[in-house]
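Chain order of the listed sequences is U and V.
Position one of the first sequence corresponds to residue 150 (this note's numbering), numbered consecutively onward.
Position one of the second sequence corresponds to residue -17 (this note's numbering), numbered consecutively onward.
In short, the hints are calculated from the structure, not lab data.
Positions of the beta carbon are idealized from the N, C-alpha and C atoms, including for glycine.
Take the hints with a grain of salt, since some may be wrong.
Which stretches of chain V does chain U cover? Using the computed rule of at least three CB atoms under 8 Å from a CB of chain U, they are [said to hold, decoys possible]:
1. 32 to 40
2. 139 to 150
3. 195 to 204
4. 245 to 254
Calculated pairs, DMTMM-like style, for lysine to aspartate or glutamate (alpha carbon to alpha carbon, straight line, at most 25 Å) [as the list claims (entries may be wrong)]:
5. Lys93/V / Glu347/U
6. Lys93/V / Glu17/V
7. Lys360/U / Glu253/U
8. Lys90/V / Glu253/U
9. Lys90/V / Glu221/U
10. Lys90/V / Asp142/V
11. Lys33/V / Glu221/U
12. Lys93/V / Asp275/V
13. Lys417/U / Glu430/U
14. Lys360/U / Glu17/V
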Amino acid sequence: MDSLKPDTIAALRPYSRKDTGWRLFLKTIIARAYPRIIGQQREVSWLVFDVVMPMLAVISYVLVYRALNAPEEYIGFVVMGGAMTAFWMNILWSMSSQLYWEKEQGNLALYIMAPNSMMAILLGMALGGMLATAMRALAVTLLGMFMFGVTYTVSSYLQLFLVFMLAMVALYGMGMMMASAFLLFGREAWHMANLAQEPIFLASGFYFPIKSLPFWVAAGASVIPLTLGMDAMRQLVFPTGFQFGFMSVQLEIIILAVLSVVFVVTAKILLAYIEKIAVREGRITESRR
Amino acid sequence: MFVFVTLCGEKRDFMQTSTSWRSFRMAAWLGWVIESNWTDPFLFAVYSIVKPISGAAILVIMYGIISQGNYESALFPYIYLGNAFYIYVGAVMTGVSWAVVDDREHYKTLKYMYIAPIYIPLYLLGRGVARFITGSIAVFITIAAGILFLNVKINFAEVDWLLFFVTLIVGVVMLALLGLLLAGITLTVARHEGFIGEATAGALYIFSGAIFPLDVLPEWLRPVGYFMPTTYWLELLRRSLVGNVAQAFPTLANFSNMEILGVLLALSVFFGTVSIYVFRWCDARARELGLIDRTTNY
Chain U
150 MDSLKPDTIA
160 ALRPYSRKDT
170 GWRLFLKTII
180 ARAYPRIIGQ
190 QREVSWLVFD
200 VVMPMLAVIS
210 YVLVYRALNA
220 PEEYIGFVVM
230 GGAMTAFWMN
240 ILWSMSSQLY
250 WEKEQGNLAL
260 YIMAPNSMMA
270 ILLGMALGGM
280 LATAMRALAV
290 TLLGMFMFGV
300 TYTVSSYLQL
310 FLVFMLAMVA
320 LYGMGMMMAS
330 AFLLFGREAW
340 HMANLAQEPI
350 FLASGFYFPI
360 KSLPFWVAAG
370 ASVIPLTLGM
380 DAMRQLVFPT
390 GFQFGFMSVQ
400 LEIIILAVLS
410 VVFVVTAKIL
420 LAYIEKIAVR
430 EGRITESRR
Chain V
-17 MFVFVTLCGE
-7 KRDFMQTSTS
3 WRSFRMAAWL
13 GWVIESNWTD
23 PFLFAVYSIV
33 KPISGAAILV
43 IMYGIISQGN
53 YESALFPYIY
63 LGNAFYIYVG
73 AVMTGVSWAV
83 VDDREHYKTL
93 KYMYIAPIYI
103 PLYLLGRGVA
113 RFITGSIAVF
123 ITIAAGILFL
133 NVKINFAEVD
143 WLLFFVTLIV
153 GVVMLALLGL
163 LLAGITLTVA
173 RHEGFIGEAT
183 AGALYIFSGA
193 IFPLDVLPEW
203 LRPVGYFMPT
213 TYWLELLRRS
223 LVGNVAQAFP
233 TLANFSNMEI
243 LGVLLALSVF
253 FGTVSIYVFR
263 WCDARARELG
273 LIDRTTNY
């Protein structure tokens, strides 16, 4: 052993401690978040596309508002909506569809065989995706500020932080829930994720205040956490935002907290159930193109 | 049916013998099957319709909020029809270029297509037909919804049908050739190839005056719009359907329909020629570098 290099010795050394319980859960989260955070930062070219694509839509809609001589608040609403699309796209393509991609690439069976919790893997994906996506959303927001002169006046930083964090927890909980459902999809997964873009941008008011929709439509759309999250944030960062609010910020915070709990708990139950079905029907390793 | 006699004296049907036609026809059928057989017809129909209708609805709501429901303004049909016909841009252009991604990365069959007795450019153009069909349905439904529910006023007796169909055909051919250009570029790149069509369509959306007059763009960016054939294509489609829209915006108000058609034809020929040469160059480069069967799993 003495003649070996330190790296080789470390590689040959048996595991000194077997992690179980919450320690394993936590390590699994970090392990799954790590490649997502590091990988996305290593491939900087993704940043260009992740920022440019939402910006194209933002520019188009801003210019429509300009053509209509809309009040300046609406320009800010569009920029914020454009920034938040990064999170929705991340939910669709990197959370909901992720287990399907993992199945296609043959990793899913390894995840299930390994002695860790699938919930921890999904949480790791969520955490990694959230951090990386926040960078992209920030880039869109800053670009919007520089290109269109959007200014923000935060009325309560505490409420803004609370709204954002709750919206993220609820949103990624929803993503985890959807991931288990997508597990059962075959080729439909890609199409389903593709379908859930424009209709959600419409229903959730990404480019206009949700208050403009009929009450029951807006109330129905509030199931998607970004709907109330954006509505509350618009009220908190634009001076006249309160005029466009669908509900009071306090009520929206309560609803977002409830949604967070419901989605995370449902995701756990659904994941266990769907995993059982998928194992029983032998669909974990199938790859239908 | 066109029948000809071969050098051996054998009678053959041209439609079944021509490599070009066979490549195009089979690719169109293959594309349709790939596009549509992932689900049942009902879900496929819903899928094909919901996305464009939702996109249109976003604009309608934005317009309705600011104009306080005044759908009589000329700007409304301008935005609505521009957006509806723009569906073709994404559908046709991306339909052609996406075939490279689909065949090379997803199905891993592009190399087999290259060694098959088919003509690759026409094969790729044929693959775009399915998206053209679904796009046409989406355009039709979007416009029908506008007429029925949103007060988009189109007087069918006053529609210039000849201009409409000539413009539509010229535009679709032009878009298909632009799709070929993108397909060529897609052949030579390893990363982000899936975004090329989407990003191009997104950029054209801004520079073609699809949903706002070009005058809204900063002055230094307007020339980009004037150089895009899609600008003239959308303008002519609007003029053929609702003539009075043309007078409402100064962008191309000084041009007659025939002048705009002339510009559209000239730009289409220019971009079409460039597309063919770019595709040939990219195709040759992809063959030289061994990129035809490269899969990156990116």
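Here's how the hints hold up against the structure:
no.: 1; hint: 32 to 40; verdict: holds (count 7)
no.: 2; hint: 139 to 150; verdict: violated (count 0)
no.: 3; hint: 195 to 204; verdict: holds (count 3)
no.: 4; hint: 245 to 254; verdict: violated (count 0)
no.: 5; hint: Lys93/V / Glu347/U; verdict: violated, 35 Å
no.: 6; hint: Lys93/V / Glu17/V; verdict: holds, 21 Å
no.: 7; hint: Lys360/U / Glu253/U; verdict: violated, 41 Å
no.: 8; hint: Lys90/V / Glu253/U; verdict: holds, 14 Å
no.: 9; hint: Lys90/V / Glu221/U; verdict: violated, 49 Å
no.: 10; hint: Lys90/V / Asp142/V; verdict: violated, 46 Å
no.: 11; hint: Lys33/V / Glu221/U; verdict: violated, 28 Å
no.: 12; hint: Lys93/V / Asp275/V; verdict: holds, 5 Å
no.: 13; hint: Lys417/U / Glu430/U; verdict: holds, 20 Å
no.: 14; hint: Lys360/U / Glu17/V; verdict: violated, 37 Å
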